[in-house]
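Those protein sequence lines, which keep their order, are chains A and B.
Position 270, counted from 1, in the first sequence is what UniProt numbering calls 270; the numbers after and before it change by one each time, with no gaps.
Position 277, counted from 1, in the second sequence is what UniProt numbering calls 277; the numbers after and before it change by one each time, with no gaps.
These aren't lab readings, by the way, just hints derived from the structure by calculation.
Each hint should be verified, as a subset may be incorrect.
Computed, partial: chain A to chain B, Cβ under 10 angstroms [claimed, not checked]:
hint: 1; residue: P24
hint: 2; residue: I81
hint: 3; residue: S82
hint: 4; residue: Q177
hint: 5; residue: L253
hint: 6; residue: V256
hint: 7; residue: C273
hint: 8; residue: S278
hint: 9; residue: A316
hint: 10; residue: D318
hint: 11; residue: L323
hint: 12; residue: P349
hint: 13; residue: S350
hint: 14; residue: L353
hint: 15; residue: M363
hint: 16; residue: L368
We put the CB at the ideal spot given by N, CA and C, even for glycine.
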Amino acid sequence: MEVIIPLDWAHAAESIVSASFPPPVVFVCGPKNSGKSTFSRYLLNALLPRYGRVGYLDTDVGQPDFSPPGCVSLTLIKETISDLMNPCIRETERFFYLGDISSKSNPEAYLDFTLRLYDYFIKQYHQLDEPNDPGNTVLPLIINTPGWVKGTGFDLLVEMLRYISPTLVVQIHISLQSKNLPVGTFWLDANQQELHKVPILVLDSARRNIKNESILVQKDARHMRDQRLFGYFKQCFPNNLNILTNKALARALAAVSPYVVPFSKVKVIHLHCQVPSSEIFHSLNATIVGLAVSSDVPAKSKSKIPPCVGLGIVRAIDVIKGLLYVITPVPFCILQKVDLLLQGFIEIPSGFLRVHGCASPYMATNVLHKFLNENL
Amino acid sequence: MSAMELMGREDELSSDYKLVPWSSWDQWNFVRESIFSSSPNAVTMALQRISTWRSRGCLPIPIHVTASIVKIQQKDFFFRSDLTDGMLESDEMISMLYSMAIIRFVNCFVGHKKTKFSIAELADAIGIPRVLVDIRHESSHRDLPSLQRVRHASVKALDWLKFNYWEAQKNRIPDVRKVIRSKLLEMTFYLKTKNVATSSGVKQRRLSGPDMLRAGNKLSSRMTTMLQSSKSNRSQKPLPRITKIIARLYSSYPSEVVSVLLELFHLQTPGFSDNIDVENSIESDAGNQGSANSLHDLKTIITRLSSKKPRLLLSLLRKILETIEIRFAKNLSGECDIHLSQIPSEVDYLTNLCSLVRWLIMNLKSLKGAGFIQFDNEAEAFSIHKNKVQVSLHKLIRKCLTLSLIGNQHLCDSVLLLVEMTEDSSVKERLKKLPLLNYKAPPAVQIPSYSNTESMLLKEEDAICQATEKLAILKSKIKARSQREVAPGVDVSDTDTTWTVAKSWISCPIGMLPCSFSSTPVLPVLDQVDIDTKAGLEKDNNLSFHASDYRQLDYPSEMSVDESPNKKLKTSQEVQCTYFPESTRALEGRLLINGVWTKASEEELSIIQSQMTIFA
Chain A
1 MEVIIPLDWA HAAESIVSAS FPPPVVFVCG PKNSGKSTFS RYLLNALLPR YGRVGYLDTD
61 VGQPDFSPPG CVSLTLIKET ISDLMNPCIR ETERFFYLGD ISSKSNPEAY LDFTLRLYDY
121 FIKQYHQLDE PNDPGNTVLP LIINTPGWVK GTGFDLLVEM LRYISPTLVV QIHISLQSKN
181 LPVGTFWLDA NQQELHKVPI LVLDSARRNI KNESILVQKD ARHMRDQRLF GYFKQCFPNN
241 LNILTNKALA RALAAVSPYV VPFSKVKVIH LHCQVPSSEI FHSLNATIVG LAVSSDVPAK
301 SKSKIPPCVG LGIVRAIDVI KGLLYVITPV PFCILQKVDL LLQGFIEIPS GFLRVHGCAS
361 PYMATNVLHK FLNENL
Chain B
1 MSAMELMGRE DELSSDYKLV PWSSWDQWNF VRESIFSSSP NAVTMALQRI STWRSRGCLP
61 IPIHVTASIV KIQQKDFFFR SDLTDGMLES DEMISMLYSM AIIRFVNCFV GHKKTKFSIA
121 ELADAIGIPR VLVDIRHESS HRDLPSLQRV RHASVKALDW LKFNYWEAQK NRIPDVRKVI
181 RSKLLEMTFY LKTKNVATSS GVKQRRLSGP DMLRAGNKLS SRMTTMLQSS KSNRSQKPLP
241 RITKIIARLY SSYPSEVVSV LLELFHLQTP GFSDNIDVEN SIESDAGNQG SANSLHDLKT
301 IITRLSSKKP RLLLSLLRKI LETIEIRFAK NLSGECDIHL SQIPSEVDYL TNLCSLVRWL
361 IMNLKSLKGA GFIQFDNEAE AFSIHKNKVQ VSLHKLIRKC LTLSLIGNQH LCDSVLLLVE
421 MTEDSSVKER LKKLPLLNYK APPAVQIPSY SNTESMLLKE EDAICQATEK LAILKSKIKA
481 RSQREVAPGV DVSDTDTTWT VAKSWISCPI GMLPCSFSST PVLPVLDQVD IDTKAGLEKD
541 NNLSFHASDY RQLDYPSEMS VDESPNKKLK TSQEVQCTYF PESTRALEGR LLINGVWTKA
601 SEEELSIIQS QMTIFA
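Using the sequences and the accompanying hints, generate a full structural model.
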């Protein structure tokens, strides 16, 4: 599918790139499927030639651009994105594992993760007070947000905007006005609005029909998530293996020598629900977990959950020897420090478990799943 | 059961696989039975398991809804007369909980898509009682309904769930074993047809039903009807076709195929194994025709299947070795003595199994020659072999060697065969030192002649002294080892590293572990071993001690040869690591009840034990 960038988007990106010092902190928001991610990636490509590196704070846990699902991530992009519609997994600078495809399962932790990543970026790459220090690079930042713009989703955006105070807010509007965010600096109260003049750029959604109404492209979100996980776990294998299909990856995952860790050396945190301690192995076997180092909890953190060094698949458990077998692309030297496993709700794609003659016991046939009477 | 139903079963094993939070239907069934049980403990266990499933992220909605309603009922004194005052919630609290659960129930099962139908109409169409819809409306829009009403409604909701989910799903669970059984029977039937046809020179393609039945053993008559009913649509030759079907079944349900295969043939029959090397004597052996025939069939089936799925040999080996081991363990603990057994079938069973082991290993060897099976002693970083089966031969040798303690000639032969396959002369040399392998027959008690009683007594005393010394050495070694074992992190070697790469790995489905000696995938037991079980293991680990004792006996001679002590330590540790079978150790003192390992007390176990001997 070819991506056609409307003229006003191109102009907007141009004006952002040509702005003088300091490098911009751009906050992109709008209702779902309006084209936030596409615009963010387009802007990213536009900023790259001038700055060399661009920070990308991805807060859309359901459909992240460069990280596996369930993660709030900060990525430093160095290379142009060739396919604007289907970005591939990039090495993240730092990320937190929320462990769900929506921020609603734990809005507080979600906000905390986002703000701590922003703090980190500012500290590492956006120190404005020492512009003459040659070692200090000041990079632009793009913040992409989820399309949840009502209720709690709106509140979260307001909190984020207030904390971050971006240099520019890009609002993407669709033709159905009731779905859009309010116009203007909606995150500030009346007297604050006087003090802070934040430029807002309102863009129209890219896809339109003949009547100039925006068309929302329904994406297969689950498929996209599985693709991200595919891309992520493909990194466990050298490129020359040329793993292109789910089938090939599934076979490789079944065959690869996993890492082994004694159960006594790691702690398990269930992010979203309680699991009786006697049942912990039933809960972990053949699931995706976040791998973290407990001493990494950021200073201002409220959730007390450290960032992740990567994700892993608990591929088997030997209860008798007290060993966990984990598959992960995390380099061995970093893995050594990992002492926390975070279990969330990110399901292992069933494509990973289906190997001919090697099918996982968690794949069952004859499962009853239709109840709703759809004949009516 | 009509023939058509039997044939239809195969289609029921649909190819539509879904991710589920349980690893076997037994587990699901256990939860189904427990959650509607009258025992609060059983219900609590089921609820715990469901909350664990929920953490895996793919819990079917009906299970979730059932759990939430049952959880509330467990807090309601109406269903729990054993609740004391302190544990009771207020009536208002309970009715709020019920109302919430019912709102969720209705919303989950009645699609709230925009249709021209009302929720009540939609609910009616799928048989949800009107009262539930009313309670949903009332509690969302009006006053909280009374406790009596919501309590009553909760029962109705559960009834609906029982019928529409739990029972419906139960009836849909594929009976894999049944399908496999019928396919294997069918294969046996074709094999017989083929044999009869070729031996008597009859050209006809298929014998008529009645003759066939007399020729076969008790192959069920339904087989014939099955055949006749499906004659019309069969263009392919029947034998290759059925072989293909079973091979396909094997790739999806390896353990089921293996156990059904072994069950199907009467391994308890005496003399089953006598003809194991003599193929043609079967016809002449009129007396044992039934069993001998089935031996021949079993072997033919295995040969045919393993040409398609070489791994089958290993799965069979694993199953048989494990069975032998369990019997052997019983023997050691004094439950039954193989040699002095009062149960002849037990002896026959073991002998038959042992002879099958040897036969399987012989086959394995020929498959290796044909390049179907690859043995690698070195751990590869990772390998993606599509068709080759990898086995760690050393582990298999260890396993057989341990079991050859039984003193069965077939097992000793098996070890020798395996050693030959390794082409490793050092192993060969070392094994030659084992007196066991020269074992030929049960040691006849020799009564040496002594000149007088005094010298006899002296010699005896001497022998006793030597034995005591050896025993003391053994004891200290075992003690040292058990201390090492208790030390934390023993598996991860001496360094401080927590994470290591698995030393040897054989391709195996996610969620399963490769069996240490046969490399076939095993579903690990996931119930936590609690501390008291662990403590209990130290004192009564009969089998493992025997296994390691045996290695130790071999040491003195080994030490005098040429190996460094370091290496020896390593080998002994390896034995430690690889010896324990996946399934037995953690399960001591536990009983498999409805697919869950439940801890049983000493008394319970001894009661069961005593009853078992009565049955026998």
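Could you tell me which of the hints above the structure violates, numbers in ascending order? Numbers 1, 2, 3, 4, in rising order.
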